[in-house]
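Engineer: Let chain A serve as the given structure and place chain B on it in line with the hints.
Listed here are the chains, written in short residue letters.
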Amino acid sequence: MLVVDDEPGICSGVKRILERFTVSYPFMDEDRGFDVYESYTGEEAIGFIQQSPPDIVLLDNKLPGIQGTEVLDYINKNNRDIIVMIITSYASLELAVKATNQGAYDFIPKPFTPQELKSSMENVTKNIFLRSMTKKLNKEGKEVRFQFLSVLSHELKSPLNAVEGYLQIMQERQAGNNLSDYDQVIDRSLQRIKGMRTLIMDLLDLTRIQSDEKDKQYKQVNLKEVAQGAIESINPYAIQKDVTVELHMDKEVEVYGDPNDMEIVMNNLVSNAVKYNYHGGGVDINIDGDMQGVHIQVRDTGIGMKKEDTARLFKEFVRIKNDQTKNITGSGLGLSIVKKVIDLYDGHIDVESEPEKGSTFTVFLPITKYKSETTTS
Amino acid sequence: MVMSDKTTILLADDDVDYLFQMKLHLQQSGYKVITAESQREAEELLQSVQPDLAIFDLMMETEDSGFILCYKTRRKYPEVPIIIATAVASETGVSFGLNTEEEQRWIKADLYLEKGIRKEQMLTEIKKLLKA
Chain A
102 MLVVDDEPGI CSGVKRILER FTVSYPFMDE DRGFDVYESY TGEEAIGFIQ QSPPDIVLLD
162 NKLPGIQGTE VLDYINKNNR DIIVMIITSY ASLELAVKAT NQGAYDFIPK PFTPQELKSS
222 MENVTKNIFL RSMTKKLNKE GKEVRFQFLS VLSHELKSPL NAVEGYLQIM QERQAGNNLS
282 DYDQVIDRSL QRIKGMRTLI MDLLDLTRIQ SDEKDKQYKQ VNLKEVAQGA IESINPYAIQ
342 KDVTVELHMD KEVEVYGDPN DMEIVMNNLV SNAVKYNYHG GGVDINIDGD MQGVHIQVRD
402 TGIGMKKEDT ARLFKEFVRI KNDQTKNITG SGLGLSIVKK VIDLYDGHID VESEPEKGST
462 FTVFLPITKY KSETTTS
Chain B
180 MVMSDKTTIL LADDDVDYLF QMKLHLQQSG YKVITAESQR EAEELLQSVQ PDLAIFDLMM
240 ETEDSGFILC YKTRRKYPEV PIIIATAVAS ETGVSFGLNT EEEQRWIKAD LYLEKGIRKE
300 QMLTEIKKLL KA
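Residue numbers (this note's numbering), protein chains in the order written: chain A, 102 to 478; chain B, 180 to 311.
In isolation and in its complexed conformation, chain A is listed as follows (with noise of 0.2 Å):
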């Protein structure tokens, strides 16, 4: 910090009662104190900020030089992440009021006390800590999101390619006139299509999911009608693979939250669970709830995988890629899909996998952050 200021007695004063002052709060990991650096004229301030420029300038405006005002100018022309509190007697207040428009963070009427100079520092570091996890937040944000875009553009570009390719085959006859020689081309085409369907419905989960609060509609929903809901969307499917679903609650389970997040867990799990079994299989949905909050596990005989598999398993756009799987659709998103919803309500999912063998899902999700949330509204 750089105090610019005449008056020795002031930058001397500053500089006592900060350096042994710290600043915490508890979302900092630690405390700041303050390095005090002193200039007596403004053009003495801009040569040190243009040297090492601080996080925050105590300017007084009426300096014997350039004047307050025109350092503020310099600061915001050449160092906008400068914070400058604006040192001014009452009498000048409509000057302050100015220079806060003109871009200083706020202003500390003279004369002040040691408390008033502490609190205002206090305000600048919380600005400061802020300012600087919201930079971080926001570039990690980007990096995320651009990584994110990459991949689904090449998800949905690659159908794309595939279906045209097979149309192009139909339009150059390239297999004859007979249509029925095309058979392939068409239910490859339609696959594609079907998949390409699959991978949209879950980005719209996944803007769902990541939508704003209060968008939210939270209630008690009953477990056991998310469950069958589930199997029963799945049902065509798990007849025609010959795969019995069977749902176990000893007793009824109610879990406060979003409806439509339960569905996205329950039907992602579910479908998973038959999608990835053998002909033949079985699947067990067992719901239980206690003091704590709720247990559902998903358990299926299916073709299971590897440790290493299990590992990424949750992360976008991760497909297990190998001989059991490669006629299986999938858009890759289901699983990190339900790990979000499951973060949303502070719960946890973990997955227990043999190859051949099966998995077995297993998601807890707490009852009580939400509980006293009902007993309040």
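Every clue listed holds true.
Cut-off 30 Å, straight-line C-alpha distance, at most; resulting in silico cross-link-like pairs (DSSO-like, lysine-lysine): (1) A:K258 with B:K298; (2) B:K202 with A:K258; (3) A:K199 with A:K163; (4) A:K422 with B:K202; (5) A:K422 with B:K255.
Calculated directly from the structure, the hints in this document are not laboratory data.
Structural biologist: This is chain B only, laid out in the frame that chain A set:
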């Protein structure tokens, strides 16, 4: 052109749609095509068949399946020309090819193509390599 003894091309790619379409296309141009959906399948085929040319995708079971196939093919049949056809640049942004000496030393392929190329261009490249 009538080919009594057809030229055989081995095509390995885990994208079944690409495999199907390229196979049909090459067949129509008079080639005999054998296909593999994985590195493992291609290796098995190479045990019993010597193709006249091989086209490998890069990323199949592993990220470097295509390179491994190149090495194994070259060791067994040093004369067989090899094309690597991949979408790796558009998928990952990583771009490499056979442009530098170093790349030519460690990538044992004769030609490196991005998958987006037109089918006609692929045919031209195949003909060039078979003549050489």
